[in-house]
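**Student:** Chain residues, written in single-letter form:
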Amino acid sequence: MINFILKRLWHSGILAITMSLIVFFGMYVVGDPVEMLSDDEFTEQDKIDLAIELGLDKPLYEQYFTFTGDMLQGDFGTSFVYNRPVLDLIIERLPATLEISLLAMVIGLSIGIPLGIFSGIKNNSRASKIISFFTTVGYSTPNFWQAIILIMVFAVFLQWLPASGRGLTNSMFGVEWSLLSIDGLRHMALPAVNLAIYKICMQQRLAKSGTQEILYQEYMTYARAKGISRYRIIRRHLLRNILIPIVTITGLEVGGLIAFSTVTESIFSWPGIGKLLLDSIHMIDRPVVVAYLILITLMFVFINFVVDVMYAILDPRIRHQK
Amino acid sequence: MIDYKKKLATLSIEIKSIFSGHPIAIAGLIGFIVFVLTALLAPWIAPQNPYDLMILDIMDGLLPPLSKLGNGTTSWLGTDALGRDILSAVMYGLRLSLFVAFVAVSIGTTIGVFLGLLAATKGGWVESVIMRAVDLKVSFPGILLALMLLAVFGTGVDKIIYALIIGVWASKARLTRSSALSEMQKEYIDAAKISGIPNWRIMLKFLLPNSIAPVLVMVPMALSGAIGAEATLSFLGVGVPITEPSLGLLIANGNDYLLSGKWWISIFPGVVLVSLVLCINVVADRIREHNNPYLKSMDKQ
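Sequences listed follow chains A and B, in order.
If you're matching positions, the first sequence starts at 1 in our numbering and goes up one per residue.
If you're matching positions, the second sequence starts at 1 in our numbering and goes up one per residue.
No wet-lab data here; the hints were simulated from the structure.
Idealized CB from N, CA, C, for every residue including glycine.
Check the hints yourself; a few may be wrong.
Said to hold, decoys possible - When the alpha-carbon atoms are kept at most 30 Å apart in a straight line, the in silico BS3-like pairs for lysine-lysine are as follows: (1) B:186 to B:7; (2) B:68 to B:262; (3) B:137 to B:122; (4) B:16 to B:6; (5) A:122 to A:47; (6) B:68 to A:7; (7) B:122 to B:5; (8) A:47 to B:262; (9) B:5 to B:137; (10) B:5 to B:262; (11) B:193 to B:159; (12) A:7 to B:7; (13) A:122 to B:16; (14) B:16 to A:129; (15) B:68 to B:137.
What the hints assert, rightly or not - Just so you have them, the derived chain B footprint on chain A, three or more residues with Cβ under 8 Å: (16) 12 to 25; (17) 75 to 86; (18) 130 to 139; (19) 258 to 267.
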């Protein structure tokens with residue numbers, strides 16, 4: 001197990017370095033920072049001075065080391081638009097994204113998995129067909145379109161729920177959370193449901209196909225033949241075995257949720273990091289974009305690592321692979 | 001010589017066995033064909049050319065569905081703020097959305113299949129590099145990679161195609177490699193090697209046709225994914241340019257008017273987008289189910 005973890009750590013390290021190289025080359029070499037920072041009144045000499053000030057006259061590898069060195073010390077530069085350290089901006093907005101993603105995840109798992117197991121076991125029942133039809137529709141509807149429909153129905157026509165902002169927040173551990181106030185929860189409802197619909201559909205489909213594949217394995221037939229109760233078969237044999245694909249996908253989807261929250265956040269004006277990224281792309285606020293991408297990369301590397309380890313714990317075959 | 005007539009006959013039998021007895025899948029297939037035909041024929045059947053700003057009349061702006069336009073024709077689905085006929089805009093938007101997705105998925109799949117075959121046949125460092133790159137790509141959500149690329153290179157139809165290609169190739173490469181590897185265990189490949197057929201020929205003549213089936217099964221899903229991704233990116237304003245609106249951008253344009261009750265600008269392109277993706281997914285699900293040995297054996301039980 002320790003060997004397995006060390007090997008995965010080594011892979012994660014390589015992944016992180018490769019991504020930092022890609023982001024660095026993408027943002028610093030392909031895009032021209034001088035052009036972005038200067039305006040029409042800049043003379044050629046001003047541009048050269050600016051390049052020297054930014055360290056662009058130095059060889060590339062040196063620039064890359066300064067870039068990563070600064071980041072390792074937590075210095076991600078200063079936003080052009082907000083004129084504040086980028087890291088502060090991101091940390092300030094992170095809780096909003098986290099709470100919405102986690103809420104969506106909880107809703108998605110607690111509805112999607114039971115639905116999926118049910119429609120897998122009762123594959124030919126009418127209820128199962130109706131569930132599967134709805135999840136196919138949900139799965140086929142782009143996130144942003146669901147958001148528009150949700151706003152139209154619940155905020156405009158019925159006027160039950162607010163469609164933008166975070167509402168009242170309460171503080172815990174020095175951080176403001178909408179989860180802790182009624183008004184905050186009301187504001188969270190629509191964006192969280194928007195993120196959750198896709199998750200519900202995804203989990204239902206996964207759990208359904210997992211259930212169906214396992215249901216006809218020989219050990220299931222054997223368990224039934226032994227006369228084990230239906231409940232025990234589901235709990236001991238079915239649930240355990242469908243957990244493997246679900247854990248993998250769920251792990252990756254935590255990241256996916258945070259990525260997709262860019263769409264949801266910008267439609268519902270939810271002040272998280274996803275909205276920050278899109279705003280920054282539109283306003284060409286390069287340091288923010290770079291910092292976001294690097295941090296999200298690190299987060300993904302970490303999630304992948306955790307998923308791999310979880311996977312190995314759940315399935316002994318994986319840790320003994322070469 | 002390959003007997004094309006025979007191949008065509010087997011293909012049509014296969015298609016029949018996929019769809020017969022599955023009315024929803026048949027409806028999806030028919031819907032998809034209608035959408036493709038509409039997109040292809042848009043320049044001839046659309047009431048007006050929505051890209052031609054000269055013929056637009058601002059007096060026709062924001063008319064609800066079934067209104068009479070200034071030139072005496074009827075606008076079935078209403079007009080947008082510029083006086084553009086929504087029906088025509090949706091047809092052209094559909095055309096662009098399908099074009100972008102088709103191009104991206106075919107190029108991405110081709111690259112993926114080629115890299116997968118290369119990894120399987122070459123082995124060694126070539127395989128390691130390709131498979132590491134696949135891992136790298138697969139561990140990121142496509143929408144983030146696309147946003148990253150569009151943030152670096154700017155927006156436009158060509159840029160969004162590149163971004164979508166990057167979303168498509170990796171899973172295809174992984175699938176092709178594993179299916180080619182199991183194919184390479186078979187005796188006819190050994191026989192081909194012994195008879196001195198060059199490696200690239202074995203790769204293209206034997207491995208490619210025999211290991212491509214699982215990848216082809218994934219193509220419809222990739223297509224609907226690409227359509228959804230393009231719509232999302234265009235909706236967010238980092239996709240296609242405003243002069244050539246795709247379905248996603250049309251929805252974004254109408255989004256500002258939704259709250260004032262002018263629903264038709266967004267709703268019609270949205271309905272078309274969702275129906276299109278739904279049609280493809282229904283067909284894709286059916287094809288996947290048909291090719292899944294577990295589910296197949298279950299049908300019999």
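**Student:** Compare the structure with each hint and give your call.
**Tutor:** Cross-check of the supplied hints:
no., hint, in the structure
1, B:186 to B:7, "23 Å, holds"
2, B:68 to B:262, "17 Å, holds"
3, B:137 to B:122, "21 Å, holds"
4, B:16 to B:6, "15 Å, holds"
5, A:122 to A:47, "69 Å, violated"
6, B:68 to A:7, "69 Å, violated"
7, B:122 to B:5, "35 Å, violated"
8, A:47 to B:262, "49 Å, violated"
9, B:5 to B:137, "40 Å, violated"
10, B:5 to B:262, "54 Å, violated"
11, B:193 to B:159, "42 Å, violated"
12, A:7 to B:7, "48 Å, violated"
13, A:122 to B:16, "27 Å, holds"
14, B:16 to A:129, "22 Å, holds"
15, B:68 to B:137, "51 Å, violated"
16, 12 to 25, "holds (count 5)"
17, 75 to 86, "violated (count 0)"
18, 130 to 139, "holds (count 4)"
19, 258 to 267, "holds (count 5)"
Figure legend: structure checked against the earlier numbered hints; hints not met, in rising order: 5, 6, 7, 8, 9, 10, 11, 12, 15, 17.
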